[in-house]
Amino acid sequence: MFFQKDIETMPRKQLEELQLERLKWTVDYCARNVPFYTKKLGEAGITGDKIKSLSDIQYIPPTTKADLRDNYPFGMFAQPMKNIVRIHASSGTTGKPTVVGYTKKDLEVWSDCMARLLVAVGTTCEDIVQISFGYGMFTGALGLHYALEKIGCAVVPNSSGNTEKALMYMRDFGTTALVATPTYALYMCETAKELEYPMSDYSRLRLGLFGSEGTTPEMREQLEKGWNIFATDNYGMSELQGPGVSGECEERDGLHFCEDYFLPEIVNPETLETLDAGETGELLVTTLTKEGIPLLRYRTRDITRLNYDVCKCGRTSVRMDKVKGRSDDMLKIRGVNVFPSQIESVLLSIDKIGPHYQLVVRREGFTDTLEVQFELTDSSMLEKFSEIEKLQKNVQHRLQTVLGIQCKVSVVEPKTIERFVGKAKRIIDLRNTK
Amino acid sequence: MYIKQISIFVENKPGRLADITGILADNKIDIRALSIADTTDYGILRLIVNDPDTALEKLKAAGITSSITNVLAIGIPDEAGAFSDAIRTLSAKGINVEYAYAFITPEAGAAYVIIRVEDNDAAAEALKGTSIKLIGQQEIFNQSK
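Chains as they are written, first to last, in my numbering: chain A, 1 to 434; chain B, 1 to 145.
To be clear, the hints were calculated from the coordinates, so they are not data collected in a lab.
Note that the structure is a prediction, hence the values are computed from the model and not measured.
Treat each hint with caution, since some may be false.
Straight-line alpha carbon distances no greater than 27 Å define the calculated DSS-like cross-link-like pairs of lysine-lysine that follow [claimed, not checked]:
| id | chain 1 | residue 1 | chain 2 | residue 2 |
| --- | --- | --- | --- | --- |
| 1 | B | Lys60 | A | Lys415 |
| 2 | B | Lys58 | A | Lys415 |
| 3 | A | Lys384 | B | Lys13 |
| 4 | A | Lys193 | A | Lys332 |
| 5 | B | Lys4 | B | Lys93 |
| 6 | B | Lys28 | B | Lys60 |
| 7 | A | Lys332 | A | Lys393 |
| 8 | A | Lys384 | A | Lys408 |
| 9 | A | Lys415 | A | Lys384 |
| 10 | A | Lys384 | B | Lys60 |
| 11 | A | Lys425 | B | Lys13 |
| 12 | A | Lys322 | A | Lys332 |
| 13 | B | Lys13 | A | Lys393 |
| 14 | A | Lys390 | B | Lys60 |
| 15 | A | Lys352 | B | Lys58 |
| 16 | A | Lys408 | A | Lys96 |
| 17 | A | Lys352 | B | Lys13 |
| 18 | B | Lys4 | A | Lys352 |
| 19 | A | Lys13 | A | Lys24 |
| 20 | A | Lys384 | B | Lys93 |
| 21 | B | Lys133 | A | Lys384 |
| 22 | A | Lys96 | A | Lys425 |
| 23 | B | Lys13 | A | Lys390 |
| 24 | A | Lys352 | B | Lys60 |
| 25 | A | Lys150 | A | Lys104 |
| 26 | A | Lys150 | A | Lys5 |
| 27 | B | Lys133 | B | Lys93 |
| 28 | A | Lys390 | B | Lys4 |
| 29 | B | Lys93 | A | Lys415 |
| 30 | A | Lys104 | A | Lys24 |
| 31 | B | Lys4 | A | Lys384 |
| 32 | B | Lys58 | A | Lys384 |
| 33 | A | Lys82 | A | Lys104 |
| 34 | A | Lys393 | A | Lys425 |
| 35 | B | Lys58 | B | Lys28 |
| 36 | A | Lys52 | A | Lys39 |
| 37 | B | Lys28 | A | Lys415 |
| 38 | A | Lys13 | A | Lys312 |
| 39 | A | Lys408 | B | Lys58 |
| 40 | A | Lys408 | A | Lys352 |
Please work from the sequences and hints to get the whole structure.
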């Protein structure tokens, strides 16, 4: 099934012509409306006219998350606030979040992109779709929400949390499709089993629309078995628009890019050299029509590969592999981006904490947990337990404020955390080890 | 008249207590009394030793989070009700005991209680003129030898 068949099956040559035209427009639009780009493109001597082919994109300097942070909150916006109709934010690498703004047209494009990907996995206007992403500043829930409405689905904006109630709605409403992070969907399934709800109560559920974090093959198997559903993945990030940048079709052989709106390329993350088609490297994405916050060669930090073969489903758009890793140290915990640097800036702002810390990520049951360990070096706190507990609670609270997720905070003895010469390896990720 | 108590941060993992007490043993530090209070992940070990300054120095040198504080040691008769009397004497003066631990000295025929209060001077004052005796650092060790 197709949502916008003409575009989705457009011959590659024609698609590339469209991309080139839009790339030229975006370059000039950025230079004209965003001082950051005026300077950057000016220094590089690049104008839309100089872009003669898509491969000329390699001469444009990449944009990073740090650029967005440095221009917090609205410095990267290309439109005055009178034309901005929505603002979202996601976790930044340190204290400040990354802020993005949308024009009316951006929102239209967003819901079109997402609707294409939803229809590509079999979503129809008959579906009752429950959204168990958290609503709020994150793009996930609203991104899916408006696209599902556009298709004509009955949307249940349940949000995340209160799993028992979510299960009640799913059963009583006869929900047919679930939007969630794969880990939360697994947790919901486990909760239903623990509460001894008969799985036959959920027999109408047929489709899992998962995102915000990748689904591993093991998780997919558990999800499909546990819920008796067809599990699918989609990909995006708030900087680019939110969910709906790419997603699977029913073939589930890679994630189709919405290529008329986003131009992907793969580079060597060390040298930033463009890699040949089919090679694995870091994904860079250029927005082709965005008005609110256009981005040139945005470094996603996700490691993947692009496949330009026409898919069995008939779509001509390039497909990306599931993300294989990161070129930075970002962690995905319960679908939330967590940067160790955010944790470090919290810890270093608190007295009585040594500079040595370690992060342990585990999968307990079906939930990811984050433990932050730091060394207790201040002996003045030994007189009262309550002093240490107060410190732990303080750290926990401040981390929750910054990260948006709860984590365990442990104090350990001095010198028990490994010391590193050079770049510290502060993360112990035990999730995919048995 | 106060006693020097050593407090040590101990993570709850196998071998840690052995490591820490090993440091004391290697330095011929004699432990007279101890108490461990713990939570799920860590504990605080509190010790009365014959040479607290050396003990602290050696522990710190080994990178162990430790400190010395002054606490009170009181001597009470080794009989029913004696501890209760002592605590009541203190609470009557509004003195709150944060923690306490006791040990018996067969030679002296008495029980010694280490008590930790906010204000040692006020507690000492409160006990003045009662049958409860404050015990000094040397006394604790003399009587045990």
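Verification of the hints:
{"no.": "1", "hint": "B/Lys60 <-> A/Lys415", "result": "holds, 12 Å"}
{"no.": "2", "hint": "B/Lys58 <-> A/Lys415", "result": "holds, 16 Å"}
{"no.": "3", "hint": "A/Lys384 <-> B/Lys13", "result": "holds, 21 Å"}
{"no.": "4", "hint": "A/Lys193 <-> A/Lys332", "result": "holds, 26 Å"}
{"no.": "5", "hint": "B/Lys4 <-> B/Lys93", "result": "holds, 24 Å"}
{"no.": "6", "hint": "B/Lys28 <-> B/Lys60", "result": "holds, 16 Å"}
{"no.": "7", "hint": "A/Lys332 <-> A/Lys393", "result": "holds, 23 Å"}
{"no.": "8", "hint": "A/Lys384 <-> A/Lys408", "result": "holds, 21 Å"}
{"no.": "9", "hint": "A/Lys415 <-> A/Lys384", "result": "holds, 22 Å"}
{"no.": "10", "hint": "A/Lys384 <-> B/Lys60", "result": "holds, 19 Å"}
{"no.": "11", "hint": "A/Lys425 <-> B/Lys13", "result": "holds, 23 Å"}
{"no.": "12", "hint": "A/Lys322 <-> A/Lys332", "result": "holds, 14 Å"}
{"no.": "13", "hint": "B/Lys13 <-> A/Lys393", "result": "holds, 22 Å"}
{"no.": "14", "hint": "A/Lys390 <-> B/Lys60", "result": "holds, 24 Å"}
{"no.": "15", "hint": "A/Lys352 <-> B/Lys58", "result": "holds, 22 Å"}
{"no.": "16", "hint": "A/Lys408 <-> A/Lys96", "result": "holds, 22 Å"}
{"no.": "17", "hint": "A/Lys352 <-> B/Lys13", "result": "holds, 23 Å"}
{"no.": "18", "hint": "B/Lys4 <-> A/Lys352", "result": "holds, 24 Å"}
{"no.": "19", "hint": "A/Lys13 <-> A/Lys24", "result": "holds, 17 Å"}
{"no.": "20", "hint": "A/Lys384 <-> B/Lys93", "result": "holds, 22 Å"}
{"no.": "21", "hint": "B/Lys133 <-> A/Lys384", "result": "holds, 26 Å"}
{"no.": "22", "hint": "A/Lys96 <-> A/Lys425", "result": "holds, 23 Å"}
{"no.": "23", "hint": "B/Lys13 <-> A/Lys390", "result": "holds, 22 Å"}
{"no.": "24", "hint": "A/Lys352 <-> B/Lys60", "result": "holds, 17 Å"}
{"no.": "25", "hint": "A/Lys150 <-> A/Lys104", "result": "holds, 15 Å"}
{"no.": "26", "hint": "A/Lys150 <-> A/Lys5", "result": "holds, 16 Å"}
{"no.": "27", "hint": "B/Lys133 <-> B/Lys93", "result": "holds, 17 Å"}
{"no.": "28", "hint": "A/Lys390 <-> B/Lys4", "result": "holds, 26 Å"}
{"no.": "29", "hint": "B/Lys93 <-> A/Lys415", "result": "violated, 43 Å"}
{"no.": "30", "hint": "A/Lys104 <-> A/Lys24", "result": "holds, 22 Å"}
{"no.": "31", "hint": "B/Lys4 <-> A/Lys384", "result": "holds, 16 Å"}
{"no.": "32", "hint": "B/Lys58 <-> A/Lys384", "result": "holds, 23 Å"}
{"no.": "33", "hint": "A/Lys82 <-> A/Lys104", "result": "holds, 11 Å"}
{"no.": "34", "hint": "A/Lys393 <-> A/Lys425", "result": "holds, 25 Å"}
{"no.": "35", "hint": "B/Lys58 <-> B/Lys28", "result": "holds, 11 Å"}
{"no.": "36", "hint": "A/Lys52 <-> A/Lys39", "result": "holds, 21 Å"}
{"no.": "37", "hint": "B/Lys28 <-> A/Lys415", "result": "holds, 25 Å"}
{"no.": "38", "hint": "A/Lys13 <-> A/Lys312", "result": "holds, 19 Å"}
{"no.": "39", "hint": "A/Lys408 <-> B/Lys58", "result": "violated, 32 Å"}
{"no.": "40", "hint": "A/Lys408 <-> A/Lys352", "result": "holds, 18 Å"}
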